[in-house]
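There are 2 protein chains.
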Amino acid sequence: MSDLLQTVRGLAKKTDSKILMVVLDGVGGLPMTVNGETELATAKTPNLDALARESQLGQVELIGAGITPGSGPGHLSLFGYDPLHYLVGRGALSAVGIGVKLNKGDVAVRGNFATLGADRIVEDRRAGRPSDEKNAEVVARLKTAIPEIDGVPVEIYTESEHRFVVVFRAGNGGDLGANLSDVDPQTTGVQPMTATAHDAPSEKTAALVNAFVQRAEEALGDDPQVNGVLFRGYSDVPHFPSFEDAYQLNAACIASYPMYKGLASLVGMEVLDVEGEEDALDGKVQALTRHWAEYDFFFLHIKKTDSTGEDGDFAAKVKKIELFDALLPRLLALQPDVFCVVGDHSTPSKLSAHSWHPVPVLIHSEYGRKDAAVRYTEEEAARGSLGLRRGTDLMPLLMANALKLNKYGA
Amino acid sequence: MSDLLQTVRGLAKKTDSKILMVVLDGVGGLPMTVNGETELATAKTPNLDALARESQLGQVELIGAGITPGSGPGHLSLFGYDPLHYLVGRGALSAVGIGVKLNKGDVAVRGNFATLGADRIVEDRRAGRPSDEKNAEVVARLKTAIPEIDGVPVEIYTESEHRFVVVFRAGNGGDLGANLSDVDPQTTGVQPMTATAHDAPSEKTAALVNAFVQRAEEALGDDPQVNGVLFRGYSDVPHFPSFEDAYQLNAACIASYPMYKGLASLVGMEVLDVEGEEDALDGKVQALTRHWAEYDFFFLHIKKTDSTGEDGDFAAKVKKIELFDALLPRLLALQPDVFCVVGDHSTPSKLSAHSWHPVPVLIHSEYGRKDAAVRYTEEEAARGSLGLRRGTDLMPLLMANALKLNKYGA
Chain B
83 MSDLLQTVRG LAKKTDSKIL MVVLDGVGGL PMTVNGETEL ATAKTPNLDA
133 LARESQLGQV ELIGAGITPG SGPGHLSLFG YDPLHYLVGR GALSAVGIGV
183 KLNKGDVAVR GNFATLGADR IVEDRRAGRP SDEKNAEVVA RLKTAIPEID
233 GVPVEIYTES EHRFVVVFRA GNGGDLGANL SDVDPQTTGV QPMTATAHDA
283 PSEKTAALVN AFVQRAEEAL GDDPQVNGVL FRGYSDVPHF PSFEDAYQLN
333 AACIASYPMY KGLASLVGME VLDVEGEEDA LDGKVQALTR HWAEYDFFFL
383 HIKKTDSTGE DGDFAAKVKK IELFDALLPR LLALQPDVFC VVGDHSTPSK
433 LSAHSWHPVP VLIHSEYGRK DAAVRYTEEE AARGSLGLRR GTDLMPLLMA
483 NALKLNKYGA
Chain G
83 MSDLLQTVRG LAKKTDSKIL MVVLDGVGGL PMTVNGETEL ATAKTPNLDA
133 LARESQLGQV ELIGAGITPG SGPGHLSLFG YDPLHYLVGR GALSAVGIGV
183 KLNKGDVAVR GNFATLGADR IVEDRRAGRP SDEKNAEVVA RLKTAIPEID
233 GVPVEIYTES EHRFVVVFRA GNGGDLGANL SDVDPQTTGV QPMTATAHDA
283 PSEKTAALVN AFVQRAEEAL GDDPQVNGVL FRGYSDVPHF PSFEDAYQLN
333 AACIASYPMY KGLASLVGME VLDVEGEEDA LDGKVQALTR HWAEYDFFFL
383 HIKKTDSTGE DGDFAAKVKK IELFDALLPR LLALQPDVFC VVGDHSTPSK
433 LSAHSWHPVP VLIHSEYGRK DAAVRYTEEE AARGSLGLRR GTDLMPLLMA
483 NALKLNKYGA
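Protein sequences, first through last, are from chains B and G. Counting along the first sequence from 1, when you hit position 310 you're at 392 in our numbering, and nothing is skipped either side. Counting along the second sequence from 1, when you hit position 183 you're at 265 in our numbering, and nothing is skipped either side.
Certain hints may be false.
For chains that are exact copies, the list does not tell them apart, and a pair is met inside one copy or across any two.
Keeping only pairs whose Cα atoms sit at most 30 Å apart, straight-line, the calculated BS3-like set for lysine-lysine is [stated by the list, open to error]:
| no. | residue 1 | residue 2 |
| --- | --- | --- |
| 1 | K401 | K183 |
| 2 | K452 | K95 |
| 3 | K126 | K452 |
The set of hints was computed from the structure by calculation and includes no laboratory data.
Okay, chain B solo, but in the shape it has when bound (with noise of 0.2 Å):
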């Protein structure tokens, strides 16, 4: 651990004070034509803009310049964790994606279904994409075949097309090593590799990864299509100072998706049950309002604006900012002492896509200078008085707004 995070950690301290960050996944966008407004700009936010008024505003970058950060790096960066230090490898990601929780001695793994044709030779690495369906039907025997390896349980997962997740649980056999070469050759016309141990610890690990896909093979031998699996990106839990070792804060998350979730369980806030609809406002807000004695900080995720932004649909997004807007008074209605807007990275409907644009943020405490801002908007905010900014400034920043912060030095 260096930087800023290690600094704070030494400085930080318990009060009382609250501190509330909403995140608006995805919320900043583009215009669709040059010099035109963007979602956030048209979106009609009554309530934004009279905080904004009395609030700061800045852009963050969460990754660097240019970086479009995936939605794992963004929130590191959110939550004070350098995303290129504070490395969560593919394999964690993928577990915490889908909601499956690692622990200490456990390694996850990324797999691909593949076609493997005469001879074990690997004709397409991705098994010709197969649908969800296809998916989780081959995981479904697999899960039949291969429940446990030499008393290691073994948790198959599926994702998407040609990608799964499994899991080895380090169980009472000892802890398991991630250190260990690929199964993947990353090319066709030769045989899947055989994964070699990089240390003692990973020599097991290699061990079950080279039995797993023997009997995967054994077990999906009759299928033309996906008759083989791949492995590339083994990982460990990572190891993070939490939020209470670095912040001393006792935190919440409130998030309908289980990759938020995750994220947020990987820092060890406390992931509080949301009720309603995935993607319920009312539900959050209830929980919020349930928990709001309990914890010092709160974590609050909006997917929606992220996925309109996905779907290029500038129209829906604009909506469910407005959505927001609207659900604003009842989370400033509990006084928050420290209240902040920002999002995880920009994705502009325009795009389609994540992207490298900065993000604005908003940050509402007492102790604010003035802001010429009248909106939360990417053009107020590139004027703002916090500037422009790498997004592990934020926590810093809510900290000691919130009077959390110690002096540093004398």
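Chain G: place on chain B using the hints.
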């Protein structure tokens, strides 16, 4: 040494141009009410306003986002030394704070007076917080009782209440190490700890510390309250490249308080005598004028902008800013090639304390671009063309504007 300082050091060259850096201690502020005006914005500053119209403005963050700087780290940052990298120990900082110069091989130690009960059990780690007068009396007794130990000169200095500083002088007995364990048990109900060396050069220091503790207890045994000493934080002299070495600058300090003189001498500045009352602005201008021909860099420190902020006295802070404004023409009459106004941290009257808020910075030189600023205020600075920067960016900018840096690369 890493970072920008190392690069600048390789490019610095000696020229005739002169740089004047004025540090208005704790100058950054906050409005007392939402969207109100800060101390700087409230002050009537016709001279600063006129200067701002011909200068470049920006904001500096001395340590990092959300981090409230102490005076030591704040000034180190202004001087171009990253305070997270160039560490000054607690003992050295205390020595510096009371104006005691450490030499190579010396060790400075922070001490607390304590109340010991039967069997040397620590009853109060701060000896009931004695008055400063009582502190001075006890220090006088210790000075008589412990002028030296084993031929090593011992200096004892009063700080305030329960705090004092001991300096063990290397003398001709060889250099002393500063890597040893504390005497302070950090709790009551136990005996003081015995200092233990963590490396060979610190073995002699540990013996000196333990002997000091024993002799102090003997000397103070008849006092029921202040009858023991606890040590915590040992430091040798920090190893910084000097201003001459880093910047090829022949630098002078004009300050009234020991802390700032000490910090300046730590980086090799010549500390000039200032006549008149403790924070006499007139005496400072006289010293500056008298020595103007002799140096090519001047650090002029003004304290009262901080003290009034610490007192929570908004009106008084405004007044101190106006006093500086009245002085400004006399400084500008010296025609420095580069003139800079900045603070070492913010001290909002609203908080009655140092704060994390960025500090407005103004740079005036012949080589600045047009900037829209019309006043030196936090709000104008937030829109300034220099942007939001780390404090360690300032010295390279001043050096560049003084045409004292060679090109990097061909």
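Against the structure, the hints:
1. K401 <-> K183: neither (34 Å within a copy, 60 Å between copies)
2. K452 <-> K95: within (27 Å within a copy, 41 Å between copies)
3. K126 <-> K452: both (23 Å within a copy, 19 Å between copies)
Hint compliance for this structure: hint 1 alone is broken.
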